[in-house]
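Q: Heads up: the protein sequence lines correspond to chains A and B, in order. Anchor point for the first sequence: position 136 equals 136 in full-length UniProt numbering, and the numbering is continuous, going up by one each time. Anchor point for the second sequence: position 114 equals 114 in full-length UniProt numbering, and the numbering is continuous, going up by one each time.
Hints were generated in silico from the structure; no laboratory data involved. Any given hint could be a false lead.
Stated by the list, open to error - A partial selection of chain A residues facing chain B, derived with a Cβ cut-off under 8 Å:
id, residue
1, P26
2, H35
3, S46
4, E49
5, N51
6, G55
7, F56
8, F60
9, G75
10, K76
11, L79
12, T82
13, L102
14, L123
15, L127
16, L132
What the hints assert, rightly or not - For lysine-lysine, the following DSS-like pairs were computed, each having C-alpha atoms within a straight-line distance of at most 30 Å:
id, chain 1, residue 1, chain 2, residue 2
17, A, K129, B, K113
18, B, K76, A, K129
19, B, K113, B, K103
20, A, K140, B, K99
21, B, K75, B, K103
22, B, K72, A, K129
23, B, K72, A, K86
24, B, K76, A, K140
25, A, K140, B, K75
Yeah, the Cβ is synthetic: ideal placement off N, Cα and C, and Gly gets one too.
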Amino acid sequence: MTVEMSDNEDVWGSDSEFMPGSEESPELNKLRQVHSKRGYLDGISSAKEENLQAGFDATFPMGSQYGFQIGLLVGKLQLLATLYGKSDLRLLEDMKQVQKELRINKVLADKHFDENLKPLDSLDELLCKWQLRLSQYEVKYSI
Amino acid sequence: MDFDELLNLEQQFYQEGYEEGRNVNLRQNLFEGKQYGLQVGFQRFQLLGIIYGICDTLIQRFDDTGLHKNAKLIKKLIEDIEMNNNQESVAVYERSIFKIRNKFRLVLMSLQKNMSNSDSTLDRLTLEKVENLSREIAGEIQGYVEDNSASQSEITPQDWNTDW
Numbered sequence: 001m002t003v004e005m006s007d008n009e010d011v012w013g014s015d016s017e018f019m020p021g022s023e024e025s026p027e028l029n030k031l032r033q034v035h036s037k038r039g040y041l042d043g044i045s046s047a048k049e050e051n052l053q054a055g056f057d058a059t060f061p062m063g064s065q066y067g068f069q070i071g072l073l074v075g076k077l078q079l080l081a082t083l084y085g086k087s088d089l090r091l092l093e094d095m096k097q098v099q100k101e102l103r104i105n106k107v108l109a110d111k112h113f114d115e116n117l118k119p120l121d122s123l124d125e126l127l128c129k130w131q132l133r134l135s136q137y138e139v140k141y142s143i
Numbered sequence: 001m002d003f004d005e006l007l008n009l010e011q012q013f014y015q016e017g018y019e020e021g022r023n024v025n026l027r028q029n030l031f032e033g034k035q036y037g038l039q040v041g042f043q044r045f046q047l048l049g050i051i052y053g054i055c056d057t058l059i060q061r062f063d064d065t066g067l068h069k070n071a072k073l074i075k076k077l078i079e080d081i082e083m084n085n086n087q088e089s090v091a092v093y094e095r096s097i098f099k100i101r102n103k104f105r106l107v108l109m110s111l112q113k114n115m116s117n118s119d120s121t122l123d124r125l126t127l128e129k130v131e132n133l134s135r136e137i138a139g140e141i142q143g144y145v146e147d148n149s150a151s152q153s154e155i156t157p158q159d160w161n162t163d164w
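Bound conformation, chain A alone (with noise of 0.2 Å):
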């Protein structure tokens, strides 16, 4: 498929990218820059949508763990806030707030991830915070 494209549209930005050196003529330049930027669209074209399911299947597992992780979490409080929050108003606030910090938008957050998509610390931290206080419910409850 060939997309046709007016010479002022230019993907690439700058012209003088295409430029190794000085020593290019103009007219090579602009040959360089009609054919290149005819096969860069054509490039874009052929490649439609490979690599998506390949980038679902990488991270799928990833995303499962967190999802898995935080249910978990979140499904603990859960039972503890119904059992003891009529008495541990901290307990019953700690509930609204997990499902505030927690929500899927929170975490999968792009603060949390670098440019592949690879999680930082400070999603751990997010974690560790909400296990802990968990863990003090826990305790607290004897559970």
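Go by the hints and put chain B onto chain A.
A: Same frame as chain A, but now just chain B:
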């Protein structure tokens, strides 16, 4: 420069551009796929984590044979689901989730019975309540979500399928 040389140059420049364009899109697709993988994995296993956590604590907290039996069975069913997107693992998940939900309903009924014995003023924990909690945490989202501390409403309904 003769005609053949010119043609070769055109082809060379085209090929360079082609490779670059293709690689840009492949990298972008890989990234988007990874975003979806993270989300869907999170969503699928987060409810299972909640159920597992509740069952785990119930086993330690209550001395009830029926409750123990069902809670342990649920834990076993969940442990048998591998955390990957292989066809086989997805089939195990789909086969088990119905049974897990039904058994969990029974576990929560046992909990209710045990709680009634001690304190009748306690709120009842139901499967619906647990599922609402799960939706509150994992939502149903489309695309990669950005951290947005100013709003809690950015989770939107989705219509995409995990099986591309």
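Q: Each of the hints needs a verdict: does it hold here or not?
A: Taking the hints in turn, this is what the structure says about them:
| no. | hint | verdict |
| --- | --- | --- |
| 1 | P26 | violated (14 Å) |
| 2 | H35 | holds (4 Å) |
| 3 | S46 | holds (5 Å) |
| 4 | E49 | holds (6 Å) |
| 5 | N51 | holds (4 Å) |
| 6 | G55 | holds (2 Å) |
| 7 | F56 | holds (4 Å) |
| 8 | F60 | holds (4 Å) |
| 9 | G75 | holds (3 Å) |
| 10 | K76 | holds (4 Å) |
| 11 | L79 | holds (5 Å) |
| 12 | T82 | holds (5 Å) |
| 13 | L102 | holds (6 Å) |
| 14 | L123 | violated (11 Å) |
| 15 | L127 | violated (12 Å) |
| 16 | L132 | violated (16 Å) |
| 17 | A:K129 <-> B:K113 | violated (33 Å) |
| 18 | B:K76 <-> A:K129 | holds (28 Å) |
| 19 | B:K113 <-> B:K103 | holds (15 Å) |
| 20 | A:K140 <-> B:K99 | violated (33 Å) |
| 21 | B:K75 <-> B:K103 | holds (10 Å) |
| 22 | B:K72 <-> A:K129 | holds (28 Å) |
| 23 | B:K72 <-> A:K86 | holds (28 Å) |
| 24 | B:K76 <-> A:K140 | holds (28 Å) |
| 25 | A:K140 <-> B:K75 | holds (25 Å) |
The structure shown violates the earlier hints numbered 1, 14, 15, 16, 17 and 20.
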